[in-house]
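Participant: Below are the chains, spelled out letter by letter.
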Amino acid sequence: MSPNPWIWIAAFLTLMIFSFLYRDNPFYKFAEHLFVGVANGYYIAFYWHNALRPNLFEPLSAGNIIYLIPLLLGLMYFTRFIPKVSWLVRIPIGFMIGWGAGISIPAYFQAFVLKQLEGTIVIPQSFVNTTEGIWALVILIGVVCTLVYFYFSREHRGILKPTARVGIIFIMIGFGASFGYTVMARVSLLIGRIQFLLGPWLGLIE
Amino acid sequence: MKWYEVIDKIDRRIIYLLLTLFVILPFFIPFTIRQNVMPQTKQLFDFIESIPPNDRAVLLSLDYTPQTMPECHPMAIALLKHCFARGIPVVGLSFDVQAPGLAVDAFATVANTINSMAKSQEDSVIYGRDYVYLGWKSGFVAAVLDMGESIAGVFPRDYFRNSVDSFPLMQRVNNYKNVAITVILSGADYPESWILYPQARYGVKIGAGLTAVMAPKYYPFLQTGQLSGMMSGMKGAAEYEHLVFNSGYATRLGKADTGMNSQSMIHILIIVFIVLGNIGYFFSRRKRKE
Numbered sequence: 011m012s013p014n015p016w017i018w019i020a021a022f023l024t025l026m027i028f029s030f031l032y033r034d035n036p037f038y039k040f041a042e043h044l045f046v047g048v049a050n051g052y053y054i055a056f057y058w059h060n061a062l063r064p065n066l067f068e069p070l071s072a073g074n075i076i077y078l079i080p081l082l083l084g085l086m087y088f089t090r091f092i093p094k095v096s097w098l099v100r101i102p103i104g105f106m107i108g109w110g111a112g113i114s115i116p117a118y119f120q121a122f123v124l125k126q127l128e129g130t131i132v133i134p135q136s137f138v139n140t141t142e143g144i145w146a147l148v149i150l151i152g153v154v155c156t157l158v159y160f161y162f163s164r165e166h167r168g169i170l171k172p173t174a175r176v177g178i179i180f181i182m183i184g185f186g187a188s189f190g191y192t193v194m195a196r197v198s199l200l201i202g203r204i205q206f207l208l209g210p211w212l213g214l215i216e
Numbered sequence: 307m308k309w310y311e312v313i314d315k316i317d318r319r320i321i322y323l324l325l326t327l328f329v330i331l332p333f334f335i336p337f338t339i340r341q342n343v344m345p346q347t348k349q350l351f352d353f354i355e356s357i358p359p360n361d362r363a364v365l366l367s368l369d370y371t372p373q374t375m376p377e378c379h380p381m382a383i384a385l386l387k388h389c390f391a392r393g394i395p396v397v398g399l400s401f402d403v404q405a406p407g408l409a410v411d412a413f414a415t416v417a418n419t420i421n422s423m424a425k426s427q428e429d430s431v432i433y434g435r436d437y438v439y440l441g442w443k444s445g446f447v448a449a450v451l452d453m454g455e456s457i458a459g460v461f462p463r464d465y466f467r468n469s470v471d472s473f474p475l476m477q478r479v480n481n482y483k484n485v486a487i488t489v490i491l492s493g494a495d496y497p498e499s500w501i502l503y504p505q506a507r508y509g510v511k512i513g514a515g516l517t518a519v520m521a522p523k524y525y526p527f528l529q530t531g532q533l534s535g536m537m538s539g540m541k542g543a544a545e546y547e548h549l550v551f552n553s554g555y556a557t558r559l560g561k562a563d564t565g566m567n568s569q570s571m572i573h574i575l576i577i578v579f580i581v582l583g584n585i586g587y588f589f590s591r592r593k594r595k596e
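From first to last, the protein sequence lines stand for chains A and B. Sequential numbering of the first sequence, starting at 11, is according to my numbering. Sequential numbering of the second sequence, starting at 307, is according to my numbering.
Just chain A, with the same shape it has in the complex (with noise of 0.2 Å):
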């Protein structure tokens, strides 16, 4: 068994969570409580030490006021709780959509929609390879028969009735495999919680 306390007080803690699988109850709700309170602390010192002093109260100290912009418009955020001048916060607000779309909308279009189409087209190149051509193939079926199941613009008749049924069995295939992921990083959670309970705090394993 270990002699470090710290493993002694993550095993304990490791328990209590686990507990609320028979039932809730006080060892649980403590183990909780205190978690979000650790890290709400952790949080609150972290951003303090690594963001706040580093990249805005020690540059100010050292006299470089062009610090105070960035001061001000974070400052402008607390406005919403004062009425009167509640609406500067549109100042900041602004200011973040207008950087992030600018910098967003051209970068997003490039590395998720034309990039994302180019990898559906099918080109000569894409049967150097039967199974690849196989594939590609598939691809350019998945997409386009999803794209018909999500278009309701008109009702599904006619060809419009299979595609979309197609486009079903595809959406399901994506479903089941997200399913089957998210059981096994679950179970990832669980094995490594185990792991710790039997190795560094037991002893029982390596």
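Derived from the structure by calculation, the hints contain no laboratory data. Some hints here could point you the wrong way.
[Stated by the list, open to error] Ranges of calculated distance between the beta carbons of each label pair, as one might list FRET restraints:
id	chain 1	residue 1	chain 2	residue 2	range
1	B	MET423	A	LEU81	48 to 54 Å
2	A	LEU83	B	GLU428	30 to 36 Å
3	B	ASP352	A	LEU124	24 to 30 Å
4	A	GLY51	B	MET344	38 to 44 Å
5	B	LYS593	A	GLY47	47 to 53 Å
[To be verified] One-sided and incomplete, this derived list gives chain A residues near chain B with beta-carbon spacing under 10 Å:
id	residue
6	LEU31
7	PHE56
8	PRO64
9	PRO102
10	ALA117
11	GLN205
12	PHE206
From the three backbone atoms N, C-alpha and C, an ideal C-beta is built for every residue, glycine too.
Using the hints, position chain B against chain A.
Facilitator: Frame of chain A; chain B shown alone:
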């Protein structure tokens, strides 16, 4: 009560107990369920293999948190072992608030393991020469875009408050031109943002180590070549551990591989539960109709 009604009304606590048992037992009953290596993991491994030693660096963005540690921490350790064994310099950094402590642990674990077996300075892994951990930075988008101009400009000091310019490694890693690939290990959507900003502007090669929940979303990026490889969840980490071990870069497999036996057992159990649940549901429904 009929058998299918019993199946339909199993107490969830029995299911939890069985799950826990199926996780614990494989640690004590030695057996191996063979794991195949998925193409995307091999792709990332091959990319790292193709980087010449002592040339361009691997930029490792460690953005996972304690919650996702069982999946991403083994990835970090396997990847670092691979890079260090091949003499590829590594520059680490983080944008997630909870990541720095885990990142420091990953670097220290691998460096200590290699240095304990090293016979000379040449065989050792030395901070500042072979790897640097730059620490955490706020303002993700501005930071990753500015790093295209100068990494030292964005991170003037490393995690331990040393001047970045004082490290021999950082004198030759100025910006993305000196980086062969950026690998992001994360439980959040950081890889997507790396594709969106620095890749779209500077053409940075990107690899990812993701939690399994995120993996399906990233397959389209593999198909378009926007991702140069990917490890998905604990399985991806175990696969990379195998690749590193089989290539002789590590003397033993890691924690992800140990966990995969439990993972496989749980999957079998869950499949059994799903089948039983459906049988119970259909029989109960038929009975109700009658």
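Participant: Now, for every hint given, state plainly whether the structure supports it.
Facilitator: Each hint, compared with the structure:
1. B:MET423 / A:LEU81: 48 to 54 Å: With Cβ atoms ~51 Å apart, the hint holds.
2. A:LEU83 / B:GLU428: 30 to 36 Å: violated (51 Å)
3. B:ASP352 / A:LEU124: 24 to 30 Å: With a Cβ separation near 27 Å, ASP352 (chain B) and LEU124 (chain A) satisfy 24 to 30 Å, so the hint holds.
4. A:GLY51 / B:MET344: 38 to 44 Å: holds (40 Å)
5. B:LYS593 / A:GLY47: 47 to 53 Å: holds (51 Å)
6. LEU31: This interface hint holds because 5 Å falls under the 10 Å limit.
7. PHE56: holds (5 Å)
8. PRO64: holds (8 Å)
9. PRO102: Violated: closest Cβ of chain B sits about 14 Å from PRO102 (chain A), beyond 10 Å.
10. ALA117: Holds. Min distance 5 Å.
11. GLN205: Holds, about 6 Å.
12. PHE206: Since the shortest Cβ distance to chain B is 9 Å, the answer is holds.
Comparing the model with each numbered hint stated earlier shows that hints 2, 9 do not hold.
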